[in-house]
Amino acid sequence: MTSDIVIAGVGGQGVLSVAAIIARAARAEGLEVKQTEVHGMAQRGGAVQATLRISPQPIASELVPRHTAAMILGLEPVEALRYLEYLSPDGVLITAAEPVTNVTDYPPLAEVHAVVRRIGGHLVEAFRLAKECGSPRAANVVMVGAASVHLPLAVGSLEAAVTEAFIAKGERVVGINLAAFRAGRAILSPATP
Amino acid sequence: MLQISPPATSRLLLGDEAVALGAIDAGISAAYSYPGTPATEIMETLMGAAPDGVVAHWTANEKTAYEAALGVSMAGRRALVAMKHVGLNVAADPFMSSALVAIAGGLVVAVADDPGMHSSQNEQDSRFLADFARIVCLEPASSQEAYEMTREAFEVSERFGIPVLLRLVTRIAHSRSPVTTAPPRPTPPLDKADRPQDWILIPGNARRLWHGLVALQPELEAWAASSSHTMLTLSDDDRGLGVITAGIGRNHYLENGADLGYTPSHLHLGAYPVSAKLIRNLADHVEQLLVIEEGYPFVERRLAGVLPTRWDVLGRDSGTLPADGELTPDTVRAALGLPVRTGIDLTGMVLPGRPPQLCKGCPHEESFEALLAALAGIDQSVVMSDIGCYALGALPPYQAIESCVCMGASIGMAKGAADAGLRPSLAVIGDSTFLHSGITPLMDAVAHRTPITVLILDNGTVGMTGQQPTLLPGSSLEPLLAGLGIEPDHLHVIEITRQRVTELTALLRAEMDHPGPSVIVAVRECVEARKDRRQGTAS
Chain A
157 MTSDIVIAGV GGQGVLSVAA IIARAARAEG LEVKQTEVHG MAQRGGAVQA TLRISPQPIA
217 SELVPRHTAA MILGLEPVEA LRYLEYLSPD GVLITAAEPV TNVTDYPPLA EVHAVVRRIG
277 GHLVEAFRLA KECGSPRAAN VVMVGAASVH LPLAVGSLEA AVTEAFIAKG ERVVGINLAA
337 FRAGRAILSP ATP
Chain B
50 MLQISPPATS RLLLGDEAVA LGAIDAGISA AYSYPGTPAT EIMETLMGAA PDGVVAHWTA
110 NEKTAYEAAL GVSMAGRRAL VAMKHVGLNV AADPFMSSAL VAIAGGLVVA VADDPGMHSS
170 QNEQDSRFLA DFARIVCLEP ASSQEAYEMT REAFEVSERF GIPVLLRLVT RIAHSRSPVT
230 TAPPRPTPPL DKADRPQDWI LIPGNARRLW HGLVALQPEL EAWAASSSHT MLTLSDDDRG
290 LGVITAGIGR NHYLENGADL GYTPSHLHLG AYPVSAKLIR NLADHVEQLL VIEEGYPFVE
350 RRLAGVLPTR WDVLGRDSGT LPADGELTPD TVRAALGLPV RTGIDLTGMV LPGRPPQLCK
410 GCPHEESFEA LLAALAGIDQ SVVMSDIGCY ALGALPPYQA IESCVCMGAS IGMAKGAADA
470 GLRPSLAVIG DSTFLHSGIT PLMDAVAHRT PITVLILDNG TVGMTGQQPT LLPGSSLEPL
530 LAGLGIEPDH LHVIEITRQR VTELTALLRA EMDHPGPSVI VAVRECVEAR KDRRQGTAS
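If you read the sequences in order, they're chains A and B.
Per the numbering used here, the first sequence starts with residue 157, numbered consecutively.
Per the numbering used here, the second sequence starts with residue 50, numbered consecutively.
These are calculated hints, taken from the structure and not from any lab test.
Don't take each hint at face value.
What the hints assert, rightly or not - Examples of chain A residues toward chain B, derived with CB under 7 Å: (1) ALA179; (2) GLY202; (3) ALA203; (4) ALA216; (5) SER217; (6) ARG222; (7) LEU237; (8) LEU240; (9) VAL259; (10) VAL271; (11) ARG273; (12) ILE275; (13) ARG328.
Unchecked claim - With a straight-line cut-off of 30 Å between C-alpha atoms, the simulated DSS-like cross-links for lysine-lysine are: (14) B/LYS580 <-> A/LYS325; (15) B/LYS580 <-> B/LYS409; (16) A/LYS325 <-> B/LYS409; (17) A/LYS287 <-> B/LYS326; (18) A/LYS287 <-> B/LYS241.
No residue lacks a Cβ here, since even glycine has one placed at the ideal position from N, Cα and C.
Turn these sequences into a full structure, and let the hints steer you where they fit.
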């Protein structure tokens, strides 16, 4: 069974890094992976999307069919909703709560959040949590942590992938991102007594 | 759950990256490219991965890239030239004629098409250009195939003495899938082609060589039919439908195939020219043919003529698949007659669009402000523009430009508009686009003293494609323009800052009244390139 993930955000938010981290973890577990990316013009402050398909079996299409994705992972709430038609009826939508309002006709945030809740989606205050972990730039890794609860991947593989992704930037950056991952994971983990 | 570990050597690579590694492992001596989405990462990867001694150069444009590669081939060594689809139009002159010469060292042109126009001005299908040149085309459907086909393309090029076109599409170029590489082949030694009569395309030679190329076609077609990338599977499950897939079309087909409940006969084409024999073998077995191909209806048109046949040929032309845009698993699903899936829909909220926009702190902002101020109150004017980040000046809040057609067109179009009587006539073009294709139309304007004002936005980089360095430093522009014959009084270089918007406005206003060509170069480093440079020096 293929597990499809649509990752959505705004150019510069780190959509491709999210895809790369999850893909790395999936590969480490011996799973097949296909990943699409957007390069070029769209990256300039526009809507950016990446897709990730993970499966124990060979994967045919590069693209995710409509209404089949196991997850929509948003780094921005309007961008998450933009790809709603890809979500399977039993899939999950998880998005950062904070908006990027670089457009003039951005709808009232409360309405955006209400729609996310109405469809059973999860809002994560990714930027607040990332700041608390030491850097707002780690918001995308907070979202990887939040997603991890619903991904068919072991926490260990994901944490290793986060570590490998930032190892070149030094221990401090790795530490911030691991903390961000755990903070995101804690938000969506079932409460433990 | 059965888990098969991928081989230790396999890596998750973009199709573009796989092409670069394939070329390196094929033993290239040189590679040339001009940045263009979705092909840019081929050269970026080559520059990082090519062993010492392998030339990997950005060039002024795709034509110069192609010509350099042709020279490498004549020297008996292997060369890769990479570009986006519209780049092949720029390189079409050497490309078309290189099909006639006796290619010595393997010459492979990797062309990345952009169906759906994610980052392009048209949707042209490079398979038509391979056919136009009467050469072989290979079309990968995964990164692994991109790697293998690149290597094979060099062998095919040398075997038949022709260039080979490797056709990528965005979703192959920019998708990651695992790649296992094979041991590299050594770089061939220098071995200059010894028959100049096979490289000098004067009519006597060209006729003979063209005759030879045309005569070679059956052999090329037989090769394509026997290629491991061409697969015909006849099925007795159902004798109604036969499916022909090409390139990535196969992936969207297989995505849905299991839901059909039967296995149709299937011909997959990964190598061109199209094998007529295999098409006939398939057709003899079925009643209806569905062609699933990315891009134009290239194969479909080979099958469906104007005369009635006993077969229904379905595809993009027939309306079974959308006539334009990128194929998706969903459009292919509908074409196969499978039920449409349903799910959650967004109701009660209209989402705002989020088009790309100039980066915060982009130097083009000040230039557009000055341009709009200079044109304020003028009844009629025209601002032609070009390919690059500054095309975003078409969108709010600036809406400052009126055309964007192809590399360098702004200056030629401004000249034409001025010739037609439309004045002031301006051209807005980036530094790299100017070097690519803006010099020759400016020469026209100088030769004919056409009253146009050219605003060159010199941000020192090829911004849109990811901040590749402009071929020549900005300091070379002023002497270049002076040498072209732009009069010193009408050639200005201004470091554009917020404080100097008024000054640029005044310059533009003054030059718009000049009865000849004038050029203003507005200089400031791209904000993203600056960031990259600072991070580069910090680490």
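Violated hints - listed by number, lowest first: 11, 13, 17 and 18
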